[in-house]
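Enquirer: Protein sequence lines correspond, in order, to chains B and Y.
According to the working numbering, the residues represented by the first sequence are 703 to 1030, in order.
According to the working numbering, the residues represented by the second sequence are 703 to 1030, in order.
Among these hints, one or two may not hold up.
Just so you know, same-sequence chains aren't split out, so a pair can sit in one copy or run between any two.
Cut-off 30 Å, straight-line C-alpha distance, at most; resulting in silico cross-link-like pairs (DSS-like, lysine-lysine) [what the hints assert, rightly or not]:
no. : residue 1 : residue 2
1   : Lys789    : Lys945
2   : Lys772    : Lys945
3   : Lys945    : Lys913
4   : Lys887    : Lys772
5   : Lys789    : Lys913
6   : Lys992    : Lys952
7   : Lys913    : Lys772
8   : Lys992    : Lys945
Don't read these hints as lab results, they were simulated from the structure.
Protein chains: 2
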Amino acid sequence: MRIGIIGGGSIGLLFASKLAAVGAEVTIWTRTEEQAFVIAAEGIRLWDAEGGEHTIVAGGEWLSRERLAKMEAGRLERADWYLLALKQTDLSKETAELIAELIRRTPDRPPLLCIQNGTGHLGKLTAASAGDFSIYNAVTSSGAKREDMRSVRHTGQGSLFLARTPERSQGERRAERSEDDFRQKMLLNFLNRAGFDASLSNDIHNRVFQKLLINAVINPLTALYDMRNGELPAHPARRSLMKALHDETKPVLLAAGMKEWPDSWESVLGVCERTSCNVSSMLADVRAGKGTEIDSINGEIARMAAARGLSAPLNESMLRLVEALGKR
Amino acid sequence: MRIGIIGGGSIGLLFASKLAAVGAEVTIWTRTEEQAFVIAAEGIRLWDAEGGEHTIVAGGEWLSRERLAKMEAGRLERADWYLLALKQTDLSKETAELIAELIRRTPDRPPLLCIQNGTGHLGKLTAASAGDFSIYNAVTSSGAKREDMRSVRHTGQGSLFLARTPERSQGERRAERSEDDFRQKMLLNFLNRAGFDASLSNDIHNRVFQKLLINAVINPLTALYDMRNGELPAHPARRSLMKALHDETKPVLLAAGMKEWPDSWESVLGVCERTSCNVSSMLADVRAGKGTEIDSINGEIARMAAARGLSAPLNESMLRLVEALGKR
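Between the sequences and the hints, there should be enough to build the whole structure, so can you do that?
Expert: See below:
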């Protein structure tokens, strides 16, 4: 099993190291030559959820138009899967086209598994693919924190659901090429052996919506208050804003197709509790002075609301405030 | 010198006690009969800025349509001035009309001095007065905290500027009735003896704008972060939001007529420093579960911006978030 992982951030390094540790041959495609070199030379350093330290061998390549142009078709190694671990923020139209080019030049055009938050990336990738390869959407609740170019800390066990997108009808599924079936099974097998609790889902859109609701509440407020997830609901003012943001977001997602979810508020609180010591990715980005996913999360919800004639002033407020936080 | 003070909140009790302490005859007009009774029976308790405790005699009345209806014209005592110490939030059209009725039924129809934040109250009061009495606008930086119905703590020394509104031309000022001049001088004399550092200003609108800019930055953010004024700029994320809110608000106020103010940002920081231990009135209201002045401050700025084709997304965000804070 050969897997190309696109993106050397926290999630990319986590999946690469865990999959390589159970025997997958992994190549990480990074943005910089420097990071690709460090990974290829020194391997990935992983602190597992129990704090144990491991060094894991992985390949490193860097993804740029110039680099791809220099590689002759024959030089690109076979891959069974690509896993896209870039943040939405880093997925411009140009990058989506570059990724499509990488897959087109890989023998057999393997499918691409996307584990981004939100839904904004699927349109860009579908356009760039032009039907030349399959796209799978996934949603994961695993947590990780990148410590340096080659080091990652596994901060939270989670699950992973995946499905081909657009979802196929039962008839189409029956007619699916057996090779695709085989690849799916292989990937699920490796993901599960690597500890990602992975399964196929015929409910992936709903799971994406559910994760979006949770992220829309926890991420911007942890960034605003500069607080770990668990501290957020401890103060009445913050809990009040969480509740207000939840109550504004839920009807927007229901209108966009999320299924009824009676205990959504308890789920938000449950995530804060289970990940109480975690620094949300949005807070980590603000602290590091990097761009955040605010536009892909609360911005996306504001746009969903506008498209449906609903109002989402608190989501818009979060968008403005987290944007302002970045401008120091 | 007889002064009717309308409103038994922190600012009303502060002005009443300090003016009475230097010999003015003060009556506080409260919303409830209960508070009027407690003040009339037990006096006002004042903790001065040095922590000394004083009990000061003052009259108490309560302002309601029924109460006014029961008072025959002759029973309303003479007053040289009314001082309006209600928050904007408490100044509905009905209340403005009730205040106008009170002044109309007071011998000689004394002038009304308004010390509200923002500018929204002047329109309502001018409409209710119908030209029957003079309205003065004032801006003060004194700070106070009400501890119970009759007790107030003086938390910050400040200054007070006042001017008749609408401001009169020099010709109109010359033609001013000598009685008005006399009343003005008397009031300034009492305010200064009471320690309010009061003066006439031909620049009152500008001072109102300046105070609005400072309040627009400090008040909502202290409410959001549940923090004393001095803690606000200590953290880079909060300081970053303060700066962004300042930078958005200033051009709106300049467009609305505020004069150039090169060191406005330093002034905002200076106020945080000088009032570092103060709980802003907005935070105090949120903590007490009461309505805040958010609509009269950031809401007003958002409306000023909209009327001038400018955008004020952060002021709108503050409006939404502080409103949401109240809904627990």
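Enquirer: Does each hint hold? Answer for all of them.
Expert: To see whether the hints hold, each was checked on the structure:
1. In this assembly of identical chains, the alpha carbons of Lys789 and Lys945 lie at most 30 Å apart whether taken from the same copy (26 Å) or from different copies (28 Å).
2. Neither within a single protomer nor between protomers do Lys772 and Lys945 lie at most 30 Å apart by alpha-carbon distance, with minima of 53 Å and 47 Å respectively.
3. When the C-alpha separation of Lys945 and Lys913 is checked against a cutoff of 30 Å, the pair qualifies only within one copy, where the shortest distance is 16 Å, while the shortest distance between copies is 33 Å.
4. When the C-alpha separation of Lys887 and Lys772 is checked against a cutoff of 30 Å, the pair qualifies neither within a copy, at 34 Å, nor between copies, at 87 Å.
5. Taking the shortest Cα distances, Lys789 and Lys913 sit within 30 Å of each other inside one copy (15 Å), while across copies they are farther apart (42 Å).
6. Both within a single protomer and between protomers do Lys992 and Lys952 lie at most 30 Å apart by alpha-carbon distance, with minima of 28 Å and 27 Å respectively.
7. In this homomeric assembly, Lys913 and Lys772 never come within 30 Å of each other (Cα to Cα): the closest approach is 40 Å inside a single copy and 63 Å across copies.
8. Taking the shortest alpha-carbon separations for Lys992 and Lys945, both the intra-copy value of 27 Å and the inter-copy value of 19 Å come in at or below 30 Å.
The earlier numbered hints that this structure contradicts are 2, 4, 7.
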